[in-house]
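Undergrad: Sequence:
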Amino acid sequence: MSAKNRDNKNRWRNITVGFRVSPEENVLINKAVALSGLPKREYCYRRCLNQDVVVQGNPRVFKALHKELAAVLTELQRIEAGEKINDELLNVIELITVILGGLKGEDGNGE
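Counting from 1, one number per residue, gives the positions in the sequence shown under full-length UniProt numbering.
Derived by calculation from the structure, the hints in this document are not laboratory data.
These figures come from a predicted structure and were not determined experimentally.
Be a bit skeptical, because a hint or two may be false.
[What the hints assert, rightly or not] For lysine-lysine, the following DSBU-like pairs were computed, each having C-alpha atoms within a straight-line distance of at most 35 Å:
#1 K9 - K40
#2 K84 - K67
#3 K31 - K63
#4 K31 - K67
#5 K63 - K40
#6 K84 - K31
#7 K40 - K67
[Stated by the list, open to error] Computed spacing ranges between beta-carbons, pair by pair:
#8 R6 - E83: 50 to 60 Å
#9 L49 - L28: 16 to 26 Å
#10 W12 - Q77: 49 to 59 Å
#11 N8 - N86: 12 to 22 Å
#12 N26 - L90: 12 to 22 Å
#13 L100 - I15: 34 to 44 Å
#14 N8 - N58: 33 to 43 Å
#15 Q77 - R13: 41 to 51 Å
#16 R20 - E88: 13 to 23 Å
#17 V17 - L89: 45 to 55 Å
C-beta atoms are modelled at their ideal positions from N, C-alpha and C, and glycine is treated no differently.
Input sequences plus hints: build the corresponding full structure.
TA: Next up, the structure:
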């Protein structure tokens, strides 16, 4: 029999919660998880419980930021003058901005 898994507050997590998402939502969730530097389940716990997701700068987070910024640059280069930017790209840009602002020590208002 395997050992019971307990979290850092010694709570036994034995209940499973699941939900369905679209492929597009899955991509956005995976991007947010990668940029947070947290394991997916910890990221989901915090977001579902309306807790802050604090990003700690580490090589994995910087690699994810580099990858997403490269993808944003490619997408922006593809967009021609007058062509509409999709909401997914704007969401990713906003998430990257918040993370980079937090890593620089800004309060989220650019101050």
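Undergrad: Taking the hints in turn, state whether each one holds.
TA: Hint check results:
1. Among the hinted pairs, K9 with K40 is consistent with the structure: their alpha-carbon atoms are about 19 Å apart, no more than 35 Å.
2. For a cut-off of 35 Å, the pair hint linking K84 to K67 stands: about 23 Å separates their Cα positions.
3. Taking the CA atoms of K31 and K63, the gap is about 12 Å. The hint holds against a cut of 35 Å.
4. With a C-alpha separation of about 10 Å, the suggested pairing of K31 with K67 holds against the 35 Å cut-off.
5. Between K63 and K40 the alpha-carbon distance is near 17 Å, which keeps this suggested pair within the 35 Å criterion.
6. For the proposed pair K84 and K31, the alpha carbon gap of about 22 Å is at most 35 Å, so the pair holds.
7. This hinted pair checks out: K40 and K67 have alpha carbons roughly 18 Å apart, not beyond 35 Å.
8. As the Cβ distance of R6 to E83 is approximately 52 Å, the hint placing it in 50 to 60 Å holds.
9. Look at L49 against L28: about 19 Å separates their beta carbons, and that is inside 16 to 26 Å.
10. The supplied range of 49 to 59 Å is met by W12 and Q77, whose beta-carbon atoms lie about 50 Å from each other.
11. Taken as a hint, the range 12 to 22 Å is violated for the pair N8 and N86, whose Cβ atoms sit roughly 39 Å apart.
12. Separation of N26 from L90 is about 18 Å and conforms to the stated range, judged on CB atoms against 12 to 22 Å.
13. For the pair L100 and I15, the supplied restraint of 34 to 44 Å holds, since their beta-carbon distance comes to about 36 Å.
14. The supplied range of 33 to 43 Å is broken by N8 and N58, whose beta-carbon atoms lie about 19 Å from each other.
15. Between Q77 and R13, the C-beta spacing of about 44 Å keeps the proposed range 41 to 51 Å intact.
16. Between R20 and E88 the Cβ separation comes to about 19 Å, which falls inside the hinted range of 13 to 23 Å.
17. In this structure, V17 and L89 break the distance hint of 45 to 55 Å, their C-beta atoms being roughly 30 Å apart.
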